[in-house]
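Keeping the supplied structure of chain A fixed, place chain B upon it in accordance with the hints.
Going down the list, the sequences are from chains A and B.
Under the numbering used here, think of the first position of the first sequence as -3, with each following residue one higher.
Under the numbering used here, think of the first position of the second sequence as -3, with each following residue one higher.
Since the hints were made in silico from the structure, they are not lab data.
What you are looking at is a predicted structure, and each value in this text was computed from that prediction instead of being measured.
Check the hints yourself; a few may be wrong.
Because identical chains share one entry, a pair is satisfied inside a single copy or across any pair of copies.
As the list claims (entries may be wrong) - As a list, the in silico DSS-like pairs of lysine-lysine whose alpha-carbon atoms are at most 27 Å apart:
id, residue 1, residue 2
1, K102, K129
2, K34, K24
3, K102, K33
4, K119, K67
5, K130, K24
6, K65, K24
7, K102, K127
8, K24, K91
9, K127, K33
10, K102, K21
11, K33, K67
12, K67, K130
13, K67, K129
14, K65, K102
There are 2 protein chains.
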Amino acid sequence: MSSSATNTATYKFNHTMLRVRDHVKSIKFYEEVLGMKKFHESSGSDFTNYFLAFPGGFGDKADASDEEKAKVQLNREGVLELCHNHGTESDPSFKGYVSGNEDEHKGFGHIAVTVDNLEAAVKRFDELGVKFKKRPEEGRMRHIAFIYDPDGYWVEILAQQRP
Amino acid sequence: MSSSATNTATYKFNHTMLRVRDHVKSIKFYEEVLGMKKFHESSGSDFTNYFLAFPGGFGDKADASDEEKAKVQLNREGVLELCHNHGTESDPSFKGYVSGNEDEHKGFGHIAVTVDNLEAAVKRFDELGVKFKKRPEEGRMRHIAFIYDPDGYWVEILAQQRP
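Chain A extracted, bound-state conformation (with noise of 0.2 Å):
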């Protein structure tokens, strides 16, 4: 291939960033509650961007060169970034981030996690304290939930086998 080629098919939606008031907060979620795991950050003078994602794909070797641990992290899918911008978690006049689905300004909707059993994720959520958007049982989509993560961002949590 030549400097100025580029081929799409090798393309890969590496990640989806969300801004997070406090970083501690969120990243226990993300880490606690669904799983994740944070392999990288970077930060700039006022801000820090954290890296999550599920195991798999990325070869968790303890062992593994920066260099290795970049190019595999720049080569899946399914990485969150959450954006923390310094100081937000302890200032009183933070308004909060709006999570997409509000009437004044729609855009975003949510990330989803595909889980491997739903009853029992959802089960264990409970026995987290997590809250729910939408429960299994409400609504007529049975098949799926939306838990709220810290922010108040909506995460669809459906099973990975269609019922």
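Just chain B now, with coordinates in the frame of chain A:
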């Protein structure tokens, strides 16, 4: 594993949902400019959700059964769901969706696509008339670009290999 067990290590960050004003324009953009493929759609009474992804992981088998496709679809990552509320594309009073980057309603930031060759990808985008939020040569971060999708959502473009 018992029926009540769930293992978060099997979870997948399956998709990200964005509302779009005009599904025809948006699907054209994500397919023809970025190289994704629409592989599924589902409708309610007044909306249709379109699911797109980059090839690979799919097994783009022409003879795959719907069941096989559904299984792959729910077990992979990097899916983009575009939600079209019927009629917005021809409604002059429709104000459009927010990108999540406006001062008054910040939240979601962007999706990111990694490419084989940033310079070549940018050249191709220019040939296709794509609008840039930030070209690689603008600002300090020379290794990334941001383009606009038809609704004004930001799509970060960065190389799969660090320079």
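> Quick check: which numbered hints come out false for this structure?
Replying inline: Checked against the structure, the only hint that fails is number 14, while the rest are satisfied.
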